[in-house]
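Line by line, the protein sequences are chains A and B.
My numbering applies: residue 308 is where the first sequence begins, and numbers increase by one.
My numbering applies: residue 308 is where the second sequence begins, and numbers increase by one.
These are computed hints drawn from the structure, not numbers from a lab.
Be a bit skeptical, because a hint or two may be false.
Below, simulated DSS-like cross-link-like pairs (lysine-lysine); rule was C-alpha separation at most 25 Å, straight line [what the hints assert, rightly or not]:
| no. | chain 1 | residue 1 | chain 2 | residue 2 |
| --- | --- | --- | --- | --- |
| 1 | B | K839 | A | K839 |
| 2 | A | K723 | A | K465 |
| 3 | B | K724 | B | K656 |
| 4 | A | K956 | B | K956 |
| 5 | A | K681 | B | K459 |
| 6 | B | K547 | B | K472 |
| 7 | A | K541 | A | K313 |
| 8 | A | K459 | B | K681 |
Covered by chain B, according to a simulated footprint, are these stretches of chain A (three or more residues, beta-carbon under 8 Å) [what the hints assert, rightly or not]:
| no. | region |
| --- | --- |
| 9 | 454-460 |
| 10 | 609-621 |
| 11 | 745-758 |
| 12 | 825-839 |
| 13 | 987-997 |
Here are some chain A residues the structure puts well away from chain B; computed CB gaps all over 12 Å [to be verified]:
| no. | residue |
| --- | --- |
| 14 | H661 |
| 15 | P738 |
| 16 | R796 |
| 17 | E898 |
All values derive from a computational prediction rather than experimental measurement.
Even glycine gets a Cβ: it sits at the ideal position worked out from N, Cα and C.
Each chain, letter by letter, is given below.
There are 2 protein chains.
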Amino acid sequence: MPDIGKMLWPKSVAVVGASSDIHGLRGRILEIILSHPFGGKVYPVSRSATAVQGLQAYSSVESLPEPVDLAILIIPAQYTPAELERCGRAGIKSAVILSSGFAEEGETGTRRQDDIGAIARRYDMAVSGPNSEGFANIPASFFPTFSPVMDKNAGPIKPARALGKGQVSVISQSGGLGFAFFDRARPRNLTFRHVVTTGNEAALDVFDFVDYMLDEGDTDVFLLVLEDVKSPEKFRRAAKKALRAGKPIIVSKIGQSEPGSRAVASHTAALAGSQAAYRAMFDFYGLIEAHELDEMIDLAAGFLACGDRLPAGNRVGIYTSSGGAGIWMTDACATAGLEVPALDAATRKSIDVHIPSYGSSQNPVDSTAQGVHKMGYATFAQLVARSSLVDAVVVAVTARRSAFLERDLQKLKELKKNIRKPVFMWTYTLPADRSVEILNEAGYPLFGTAIGCARTVRAMADFRAMHERMLRKKPAEIPAPHPGRAKVRAALTVGGTVMTEWHTRALLDAYGIGGRARSLARSAAEAGMAAKAVGRPVALKVQSADIPHKTEAGAVLLNVGVDEAQAAYERVLANAMHHAPSAYIEGVLVEAMAPAGRELILGVNRDPRWGPLLMVGLGGVLVEALHDLVLAPLPLDRNAAMSLLYRLKGAAVLAPFRGMPAADTEALADLMVRLSQFALDHADAIAQIELNPVIVHGKGDGVSVVDALIIKQAAQQAERRGAVNRRKIQ
Amino acid sequence: MPDIGKMLWPKSVAVVGASSDIHGLRGRILEIILSHPFGGKVYPVSRSATAVQGLQAYSSVESLPEPVDLAILIIPAQYTPAELERCGRAGIKSAVILSSGFAEEGETGTRRQDDIGAIARRYDMAVSGPNSEGFANIPASFFPTFSPVMDKNAGPIKPARALGKGQVSVISQSGGLGFAFFDRARPRNLTFRHVVTTGNEAALDVFDFVDYMLDEGDTDVFLLVLEDVKSPEKFRRAAKKALRAGKPIIVSKIGQSEPGSRAVASHTAALAGSQAAYRAMFDFYGLIEAHELDEMIDLAAGFLACGDRLPAGNRVGIYTSSGGAGIWMTDACATAGLEVPALDAATRKSIDVHIPSYGSSQNPVDSTAQGVHKMGYATFAQLVARSSLVDAVVVAVTARRSAFLERDLQKLKELKKNIRKPVFMWTYTLPADRSVEILNEAGYPLFGTAIGCARTVRAMADFRAMHERMLRKKPAEIPAPHPGRAKVRAALTVGGTVMTEWHTRALLDAYGIGGRARSLARSAAEAGMAAKAVGRPVALKVQSADIPHKTEAGAVLLNVGVDEAQAAYERVLANAMHHAPSAYIEGVLVEAMAPAGRELILGVNRDPRWGPLLMVGLGGVLVEALHDLVLAPLPLDRNAAMSLLYRLKGAAVLAPFRGMPAADTEALADLMVRLSQFALDHADAIAQIELNPVIVHGKGDGVSVVDALIIKQAAQQAERRGAVNRRKIQ
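Using the sequences provided together with the hints, build the complete structure.
Right, dumping it as structure tokens:
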């Protein structure tokens, strides 16, 4: 592993391509570096000039008086690989490449980018970029970037009154967005440590930097912007390490929408992966996903101020002096999935003595303007916080005038010291600068939107639960191979890539997955006998690897009476032949109609980035329309299966209602665990497994797998081209 | 109608309860009024003081030298009715009551509030409040309020550089939130006209003020915060008038969540209505709903700046110099339901000549930092706007440094003049104050969040479509009574309040709603014969008004074979008797199982505020879990029925997929129109109609109503108490 420390904390740097023209990007980098009190040596390297911005310039990195720790390259793309090679030869151990014209520009550029990766490996150099906007090391006052955000006059680099004692680091593939966090957080008094923009990531990627900063130890909150994850292994390692250390990673995965993905491709040549798969991985490793810059800053502010007192649960006490603002915040809490419980009698009594008769101590607690004028915010917040029914307190303040908060400052500080629950502030008016300072100094994050505040409380409670769960539990182990493994392996080696339901279910039977009585009829007479043996309405389904869409081909008949089975056999067969005259038909599957229940889809798909992911979705065949599906990496144990089910938006479908008993989620989770093992045991051979629909019956009555399909690995390419495109995960 | 003009534009005012103690609310009102250049006369009225804040005080409104236009009352609640009475006697024609202690305080307070309403009517006075925070008339510099937002030193009252030529008015039941809009919009350079807070609305309500301001004519955008709508009639009148005038009403209905509703009740004693019903009415009348203060200000800014050029459609062109920011905005557009189409070849060619090879002209157009440094924002925005494929343009700017925008100012002004499409600006960095001024002066709204910008574009496009539709179409007429009306009326007069499916469907048959062959068996033998007549699997359902939950009682058997029907009859009957031993049983309904299809729920419920609303929801019996249902007021014609269906989140379920043909939405819409007429014809007699599930078959194959229930009016109370609580609309 190359030494990122050389890059972020250099004692000497060369600016290759430096210019005196401060209106151009090449001039601005050096100007920005020199305008801040960076303690290291700075050497301009220029082919044409002997002095740049008042400093002696050198014609090449090879003619520098010392091998610098870091080379900053901003020269045309075509010269960049050769220059990096020279840096390597000169013993320079790190480089940041701000030049553009690499993978985002097509084939030539991609070759240049590959060259850069190779040179970095060859010299064991820490290389960031190309197409990056540089970085900022705030404690070192070192800002090798042309971002206008780091202009000397753009605003304060360090907050006058820091919120909390911790530090935030930003790592972003996008330069503009990366520095935007730093800029937008200025009025919030957050202390930043690093802002690193990684561009096209020819060598180091975002998670290399996360890993380094976790070792460094001084970053308490991470803000990431990703267009893609280059290395799933680095992602997993860094994400696990962060969660174990209790350091939250707040992430935005951009390029979610179809045109957004198009832009990603043309921008940094990243393959935008499936959003659902990313979400599954973020959820699994406890990363906090967000979609708006200020929302991410809200989250960072919450963790910086209250990271030592994360909410133990979802219950919020709200205090306000404006009834309307209290309701507004209550609605926001509900939207974020938080509870606002009515307070206990003792707490209410302690509040009632301080508020007029037209106020309320219920929750939200409304002291009215009179109440707050008499007692201030801190007193009421403390009374609410003392209730055992709340895990966190939100105070709706009007921070327009600071004088009022000034009077309350001492009490606010005491509240922070005495109460070990987090207290958050939301202002519905525009805060005066001094109000922000006062609250931040006293240790409170001040939120500008109700929903931003509520989402932060929720995310902090979730993160605490996730962190504690990780510390408790042993890492998931890959289960020992199943006894049925050898038999399935053997069966998988024969036949084509698309398996019929008949064959698929035979393999699944070996793992105890959804086995039900069924037979394969090869004549109308056999179909009639099979139906008679069942003795109640049956389903008939033509079995042919050449007809993956049975229903669409008219090759399925449902609810067929015992006496109609023979005629139905002839009919489905005729339909199938008409649909695909040259199809090879194995026979017609005959089985009892499954009893009613909740329909779901279960499947395992091999994601090109993350490997096999188990999917569960509501609605069975309606899953595409309902858009309610979730994924998880394998292996999956019972607990993981259960919690995956509860992540479905419509999980309430599984609860009892309308006379239906609760769904047999035990049986469903068991099925998911078995499917997980099946998929892992045969991960090398299988591209896709789909059980659809799976009908989940009432508690104790199990599940019925009504249709099933396996597509083997070799067929995956064809599948992608849509030939047997049964299922798309969004 | 009392004269609101006297209240908002008084020539003389009395402040009843005025005090010299400027730390108390009673002193602050007068202090705020006097600190601004209001042109009218101000008379303090005080029982105890002869002079207040340097003005001669009067002991009573009856001793004033003239009958003032407006009395501002801030005296204890118990004295308020008598004082208002004195105002009436003294010929004062308007009053604002800021005192608290009315309906929010229980029975005594409610009586006081009723008294105020009665006095207002008796003297034909325009009365706002009680429990209001007063109002602000910005053009008149008249601010009778104790809101700290209107403090002389809180910030500018009128923007230095106004955005657009129009004016915004705020009308809010909540005082704190009402003034918060004015305060938060200050840095956005919006011009405000009125901020009115209406409190408990004993007399005038929010829509009285909307109506007045529409007549006044100078308000171009309305921002409303509602806890409830007191008068549906006033709402309908004002909403229609606004839509016809093309004046957008942006509304937040607070108290949506359960604890939020609890707070509403304790706060202003408003009965929080069903959120879904409110949403239906807002949608129907084109009100724009929003849930965050800044989101509402974003919307207002969009309409002020570009109200003369609303987007003609949903297609957005995005221009950026930061690739990441372009993707970020593209994702936000997708979230808001906007399209970001790839641009046409001619437009791309015109852009390509100005950008480096590693930029993109596709959409989002990314000129890279180089491109924008060379050409500025306006040139690229104009090239994008000229494409016939886009209806609006969003420019992602970094407004951190104003110098750059300053150079672009002239071109930005020309762009605004030459291009009749709206152009919006979003900054991903914090804008310098001067940057905001420049952009606002040139006529561009500047957004701080991508999603706020995208939602505004979408809302403006929707509003244009809604406004144009209203100008085109004739008002919906109540259809002539149906020929089957008399028969149904007669049938509705007999029997209990809960009608069995058997009787319900007989009535629906008269309107051609979901008629299918069925029979009522009164013996096992009859059931057997009925099944034989059907000749394929049947459903058996016990009919009893005493057993509204048939499934839960085990009184339903599905998929019963012809030969099993007799035994099944005995079984369902036994189950029903066991469940409800004293139930009166009409018989057992026997009918063919309906063929498969998409399951929906259809119903009409009488909302206590809005009257009968038609509901359609996905999932049939699963509707509660899927939370996907929409409502609309009656009458409903075919177009309205169709567009209601498309408002379902999962409307895609109705499209063709997986071999299923498209759903027969024609037949479904027809059913909705018939149901609408049925419900209107019998609105006085019926409380609730529910068809659940309705199975929608493939195109041309119609719909099957599988279960149906009518609850008559008298039973509505019992229904509310949960006795027959089949269905709750969220």
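How the hints compare with the structure:
1. B:K839 with A:K839: holds (20 Å)
2. A:K723 with A:K465: Measuring from Cα to Cα gives roughly 23 Å; hence the hint holds.
3. B:K724 with B:K656: Judged against 25 Å, a Cα distance of about 24 Å means the pair holds.
4. A:K956 with B:K956: With Cα atoms ~13 Å apart, A:K956 and B:K956 stay inside 25 Å; holds.
5. A:K681 with B:K459: It holds: about 23 Å lies between the C-alpha atoms, which stays within 25 Å.
6. B:K547 with B:K472: holds (24 Å)
7. A:K541 with A:K313: Holds, at roughly 20 Å.
8. A:K459 with B:K681: holds (23 Å)
9. 454-460: holds (count 3)
10. 609-621: Not satisfied, violated; 0 residues make the cut.
11. 745-758: Result for this restraint: holds, n = 4.
12. 825-839: Coverage by chain B is violated here, the residue count being 0 at a Cβ distance below 8 Å.
13. 987-997: violated (count 0)
14. H661: holds (16 Å)
15. P738: Violated, because the least Cβ-Cβ distance between A:P738 and chain B comes to about 10 Å, which does not exceed 12 Å.
16. R796: About 32 Å separates A:R796 from the closest Cβ of chain B, which puts it past 12 Å; holds.
17. E898: holds (15 Å)
Violated hints, in rising order: 10, 12, 13, 15; the structure is consistent with all others.
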